[in-house]
Amino acid sequence: MRAIWTGAITFGLVNVPVKVYSATEDHDVALHQVHDADGGRIRYKRVCEIDGKTIPYEHIAKAYDDGERTVVLTPDDLASLPAERSREIDVVEFVPNDQLDPLMFDRSYYLEPDSKSLKAYALLRRTLEDSERTAIVNFALRQKTRLGALRVRGDVLVLQTLLWNDEVREASFPSLEDSPRITQRELDLSAALMESFAGDFEPEKFSDEYQDELRKLIEAKLEQGDTIDTAETFGEQEEKSSGGGEVIDLMEALQRSVERSRGSGSGKGSGGEKSAAKTSTAKKSAAAKSGAKSAKSATAKSAAKSSGSATAGKTAKTAAKKPA
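If you use the numbering used here, the sequence shown corresponds to residues 74 to 397, in order.
Treat the hints as calculated values from the structure; they're not laboratory data.
Quick caveat, the model's predicted, so the values are computed rather than measured.
The hints are all genuine.
Listed below are the simulated DSS-like cross-link pairs for lysine-lysine, each with C-alpha atoms no more than 25 angstroms apart in a straight line:
1. LYS289 to LYS278
2. LYS92 to LYS189
3. LYS217 to LYS135
4. LYS118 to LYS135
5. LYS217 to LYS92
6. LYS92 to LYS192
Please take these sequences and the hints and turn them into a complete structure.
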């Protein structure tokens, strides 16, 4: 990992120099835009609306418009702000861990101690652990003053940026003003259903199914070209009804769900069935999209296909339709 920022944690007269590293990374497949007719990359130019010229980055400034006037802020203007020059993670207070609303959490960073500050780093980490408290801090990063939470994760101090209070919306829904009557029977069934799905959270058990299927689709198109066999790539998947348009009695739905989970043997089995249904839907969607494009391409090239190729295609389709 490469440090994105260096500074020091300060509280009272204690100073702990640290390096800051991003704790997370994006795993999505990187895609770009192209012209569908010839595959040419789509490029965007930074054009001035007054003179029509393309403007290089060094001549682009930020501005604020209040509707009548425009104030231009240059990089030098922004760099002159006191908060931007600060290299300190200033501890404001220590609060109980359970007082932080997860809704306020934003980005996460690992803090590595400087070789000369290892003891002070370890002391702060131990103090936070023993007191079961989180340090609320102020610091400046990337031209913004940030509010953050400094806590312990394993042997490492983690800095999580927090949203400011006015950045978190209040939920105000008129539909929740009148509380519906809930019977004890409904509550018992709901609790039983929840218990059937109970377990310990193990993040490694979960995967991004869409990204997995997208990678599989890309690999297939790299090997086979645009006219890929979606059934061979993704397998034949039966479309399952989501039941979105069907209105089911709540008690009936709870009862059936509990019976279904008990029949599967365990909560883990129910979760696996749900996961399989999700995978089926994702695969079907990807196959349908690719199939549509394949059909279009096949129509355009049908005149050039040999009779042997057509016979082979027909045989493959017939085999796919036969029951297992």
